[in-house]
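Build the full structure now, drawing on both the sequences and the hints.
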Amino acid sequence: MSDSYRNPFSGVNAVQLKEDAILDYWCSPFTYNIFSEIKQSDIYREENNIVLMGGRSTGKSMFLRYWSYPIQFRRAEKERKKPLDIIKGNEGIGFYFRIDSPILKSFDGYDLNTEHWASLFTHYFELTVGIQYLEALKRLQDDAEISEQAETSCFVPKVCELLRLSPQQRLEPVITELDRRLRFIDTYRGDVTFHKKAFEPDGPVFPSESLSFGIANLIIQCFDSFRDLNIIILLDEYENFLTYQQMMVNALLRFTKPQIKFRIGMRLEGFRTYNMMGTEDFIKEGREYRKVVFEDISSQNSDYPKFLAEIAKKRLEHVRTLREAGFVDIKKFLSVREDLEQEARDLVKNDPNRVFNQFLKSSGVSKKELEKVRCLDNPLIELLNMIWLMRGVSADETQQAMRDFLDGRKTKRAKKYRLDYVDKYKLSLMFLLCSIYRKEKQYYSFNTFSFLSSGIVGQFIELCRRSFANAEWRDRDALLENGTISREDQTRAARDCSVAEKQQISRIEDYGGTISRFIEKIGNIFRAFHADHKLRYPEVNQFATNIEALNDKNLQYAMQAAIKWSVIQKKRTMHRSGPGEPLQDIYAVNRIFSPSFQISYRTRGGKSVALNEKQLEDLMSDKALVISNYTPKDGILKDSASGKLFPEQ
Amino acid sequence: MERVSADGPPISNLDYFILSSGSDSRAYQILSQIQAGPTSGTKIILFNYRERVANRSSDNPLFNYRNLAIADIQEVDCDIKNPSSSLSALEANTFDETKAIAVDISCFTKPYFFFLLKLLRERFGVLKIDAYYTEPQFYSFEKGVFTAFHTSSGPLSIIEIPGYSGQERRDAARKLIILLGFDGDLSREINEDVSPGETVVINGFPAYSPKFKDISLIANEKLVSDHNIRVAYARANHPFEVYNLLAAFKKEASAAEGDTFINVAPLGTKPMALGACLFALHNPEVRVVYPLPETYKDKYSDACWSSWVYELPLA
Amino acid sequence: MTVEAILDSRDFPEEDDLMSIIMHTASTAWKHDLGKKDIDAWLSNFQGEVFGVKHEKLMALWLLSHFTFYNQYEVEALCKVVYQDLLHLLITDPTIAGKTPAQIISEFFASANIISPEAVSGSGGFVAYLFRHVNNLPVHLFNYSIDNVNDRVKNLITIDDVTLTAGPKGQIATFMKKHEQQLQNKNLYLLTLVATDDAIQYLSETFNVHVVTAIQLDSRDKCFSDKSDIFSAFPSLAEPFRKFAEHYGKKIYQHPLGFEDGQYAFGFYYNAPDNTLPIFWSQIKWTPVIRRHHKNYTWKRFLQDERFI
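Protein chains in written order, with my numbering: chain A, 1 to 649; chain B, 1 to 315; chain C, 1 to 309.
Keep in mind that a hint or two might mislead.
[Claimed, not checked] Heads up, simulated SDA-like pairs for lysine to any residue below, C-alpha to C-alpha not over 25 angstroms straight-line:
hint : chain 1 : residue 1 : chain 2 : residue 2
1    : C       : Lys36     : B       : Ser225
2    : C       : Lys36     : A       : Asp475
3    : A       : Lys314    : B       : Ser225
4    : B       : Lys222    : A       : Glu509
[Claimed, not checked] Pairwise CB distance ranges (calculated):
hint : chain 1 : residue 1 : chain 2 : residue 2 : range
5    : A       : Gln560    : C       : Arg10     : 34 to 40 angstroms
6    : B       : Lys81     : C       : Gly98     : 48 to 54 angstroms
7    : A       : Gln560    : B       : Lys81     : 21 to 27 angstroms
8    : B       : Gln74     : C       : Asp33     : 57 to 63 angstroms
9    : A       : Ser41     : B       : Ala54     : 56 to 62 angstroms
10   : B       : Pro313    : C       : Asp33     : 43 to 49 angstroms
11   : C       : Arg10     : A       : Asp510    : 30 to 36 angstroms
No wet-lab data here; the hints were simulated from the structure.
Cβ atoms here follow ideal geometry from the backbone N, Cα and C, with glycine treated the same way.
Structural data, given as structure tokens:
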């Protein structure tokens, strides 16, 4: 049985997947309301261009590839339909393009000016788009979906004229010729290193729009089947385009024709420029394109967890051992949510009186009173009771509220107690308890992993991959027999993921070191809030600042780079960083870092740490962190001289 | 390939000996054995990367070459990120196919010696060279075990090594062959950027030290654990074995249906990279990609172990 | 600093870290079904008789994290390497002139036999099978016994997995001595996957054998030598670790640090050599973490109390 087992979450990079695999693993985000900005029909029908923004591993490439014609044609085969029927049903045909960054960067340097490279790159881009149009038509022709007659009488001659080729009868020699021209460019790129020379092909150099729009228009004109269809250019990883290259494509966005539209995938802050080639004008969101964010962490309507569960199910089903055993529900492997009460009981079992003894020493409350609020069966409730005492609530009242709540009585006291314990403080209490016992909080359960992934599907998959790897290592037989993964294995996976992601920050271009220092410090500030023994500001893990207003451009660019790389994530709407504070942009640190700093992974309202420009600068610098500079005036650290939970610690 | 004995006879009868400066003790191991006095006729061309030289005092080991008895030395200032910045300085020399040329690749960055070898062939008609390489005695690992290993810091920029763009047919399937190194970040970035349909990794095995073959695999664990990835082996100090393996992959690809665009990422040892370089020189349709870091770490290996010389036919 | 202090310091990896390394190594590099349960069972051998249980576990894990395990694919790769090196040796022989490489190799194998230096069922025989298979060599080249080799065969090739012992006690040396007469007037080659530089030197000088090896070990590979790779970061720990390994080694094998004081830390997917530290492989009142199959040189029972035959 174990021979057919493999880690269900290893491998599978969307850009590398073959068509069948894309279809196998596809989960429509529209089914789960992941996007509020667009609906499925907009992919082919929306008249404006669409820019899809999200960090690495958010699923952009998978999304774009799905709508491309090879996948849709394969889908047609599987559904026993004709490709043209699928295209007509979609009301459009998609063409996926991804130019890898080594190629993009090779159109630069060697003391040749930007104009030279811009002309060459445009020619390359036009040929790349043009050849794919023809390849799609060839495929439809091979499937007898379009007639040869239409091709020879109308389309091919016009394409030859456009390309300034000698007249051809069939598509194939035209495709071959375009391929030859592209390889001529490849040869030039290789040779220019050693022989600085002009680009002199034996044919025309194609300017912008000539083929990308030119051939598209010819298709629409010459083929009845395409007359009412949209031609969608699905352009991936736009952030890798150099500035002048983006200027060229930006101009295409501005001057798109009816029935020819772009769907562009890129990182957040992936635009290097909004300028266009050949004009002083620039493109603007809302006018030239609509923006759709892939990693919106604050969308209320989305069924993001269900989306993740579905993705996981497809992965699990692909492993025969698991499929046959019926282990295809990731929630069963991970458990649905944390069992904080059990976690707390396990934490305190060797020293159940620690919290009680510490309060006895330092709170000034008598032993008799403290004993009234003990709850040996639930350390979290016991801790909450101690905190109520510190806030001035009497022991009798606390005890009564606790009893009302535990007995399920519908009293006002019970309602208040429930509000505090269940709705507000349970997770915070767990963090505080871990702090008191000097043990790390465990990070486990489907719910927790959903949060930790921060809207990035790839992060969720990585958490699962490591969890399965740990479980297999610990006891493969148990994993395959029981279909569960222990809290310890999940926690270890979360911690390792967190550390790995933190290490990657230093790889961010230009600002890696700066952002790394910032995250380290802000994480520790959040940690200090979590260790507040009065829980005045529970689960603080967000900060407020105005990036656009920063005077120091380096700071601004660093923050933008942090957003681009999903190290920090902006909340959709403005919030107040505290009662009485003005509305500001709120940023969360990517939740994947939570295990590293032992902080909450949830998105809460309430307190955010407000950061002005000077504070941001300090946090990004080498200067030592002074936490009290970032905590409220009523001071979470004020009460104890040493700043620790209890002075004796 | 032959082992070069530290106690052996001096290396003589060279017209040119080309090397890169470095603070690693391997930098001048071979240079110290070259007969380069006034009567020898050997010209030394020493590449000085500005990024390495900057802010170093004159007693830094990087300048130890100044203590050797060298009659004719040309120091070439260049930028580590831009191999063609050395072009004009090299053009002043009279390289041709009759000259005996040797290159010590020990402290060159890989893009540089890739560029250099192709330049010698393309611009100067050089048909063969001797390449020298000195192995490090040990690599520095934190806490004595291999948890993470980084040869560079800062962002990575994946580039085509200048001159090695290859030729991609539009309908060709992409195949990426990665020569594994110790820095796991690099292979992952390249695999994501190139996004091939198939990835093969070549592990340097046997390696300089028995345990290294595990280190390169666990450093690249995320990539290697993908069940679709194939693992092949070639000796870490043997460029010709890498060459033969790449040739076998090319032959396999030719026999398969459809075209294949082969990409090679030489992340492993320099001798392995040399094999990849030779293969790409003989097969210009092959692309060589490489992750150029912002900053190379100054020293992550130390001391000298065996030295080797490889006779390379550039055509 | 005391040993315990070094092991407890932040400079030394923690138990979790070492476990993690071993986990990744076993699953990624070794392709071996070594799980945590197996390691925990092995660690239970160490009862704190030298340094206290906690520290001994750490020491054992440290040694295990430096163990080199050769999986099936790697052993096959080594078989290819020694074959390629043999061919290279033949065609670069300076005494042969005027022949193409193909002629040289063809003539060589036309008068060659490949044998194992030990019993047919030993690891040498197993490696010979792999060697034949991965290099696609004809079956007739292989002979099951030196006694069967024709006098007209000029080139005799022996194959083994390890050749670690320099001196007359080594397996190859024993074989060479025993069959001195039959080996006279033959060109002798030893293809061995792993060999020490001392053993190579001894065999070539004593018996005029051309030794071709894929992995050449030296003093860096002996766990407790002063040049040991394992302790390059903590040189002061070599001696205490030695003491630790020797103490338990004495209880489980006559050569506490491996045959002829091998002190090695490596093994193959099919077996571990006895030159490797016995704390890894012994099964005598000991739970091993790596398997070793000793050769049975004495006649023993052939039935094991099976109920049905």
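ask   = Is the gap between the beta carbons of Arg10 of chain C and Asp510 of chain A within 30 to 36 angstroms?
value = holds (32 angstroms)
- prompt: Is Lys222 of chain B close enough to Glu509 of chain A, meaning Cα to Cα at most 25 angstroms?
  reply: The hint holds at about 23 angstroms.
Holds or violated: Lys314 of chain A to Ser225 of chain B, with C-alpha atoms at most 25 angstroms apart: holds (19 angstroms)
Handout entry: Verdict for Gln560 of chain A, Arg10 of chain C (Cβ pair) under range 34 to 40 angstroms
Key = Given a distance of about 37 angstroms, which is inside 34 to 40 angstroms, the answer is holds.
Taking the beta carbons of Gln74 of chain B and Asp33 of chain C, is their distance inside 57 to 63 angstroms? Holds, at about 58 angstroms.
Would the pair Lys36 of chain C and Asp475 of chain A pass a check requiring their Cα atoms to be no farther apart than 25 angstroms? holds (7 angstroms)
Gln560 of chain A versus Lys81 of chain B beta-carbon gap, inside 21 to 27 angstroms or not: holds (24 angstroms)
Starting from the hint 43 to 49 angstroms, judge whether the C-beta atoms of Pro313 of chain B and Asp33 of chain C obey it.
-> Holds - the Cβ-Cβ distance for Pro313 of chain B and Asp33 of chain C, about 46 angstroms, lies within 43 to 49 angstroms.
> Does Ser225 of chain B lie within 25 angstroms of Lys36 of chain C when you go C-alpha to C-alpha?
Replying inline: Judged against 25 angstroms, a Cα distance of about 19 angstroms means the pair holds.
Holds or violated: 56 to 62 angstroms for the Cβ distance of Ser41 of chain A and Ala54 of chain B? At roughly 58 angstroms between Cβ atoms, Ala54 of chain B and Ser41 of chain A fall inside 56 to 62 angstroms, so the hint holds.
Can the suggested window of 48 to 54 angstroms be confirmed for the beta-carbon pair Lys81 of chain B and Gly98 of chain C? holds (51 angstroms)
Hint check: no violations occur; every hint is consistent with the structure.
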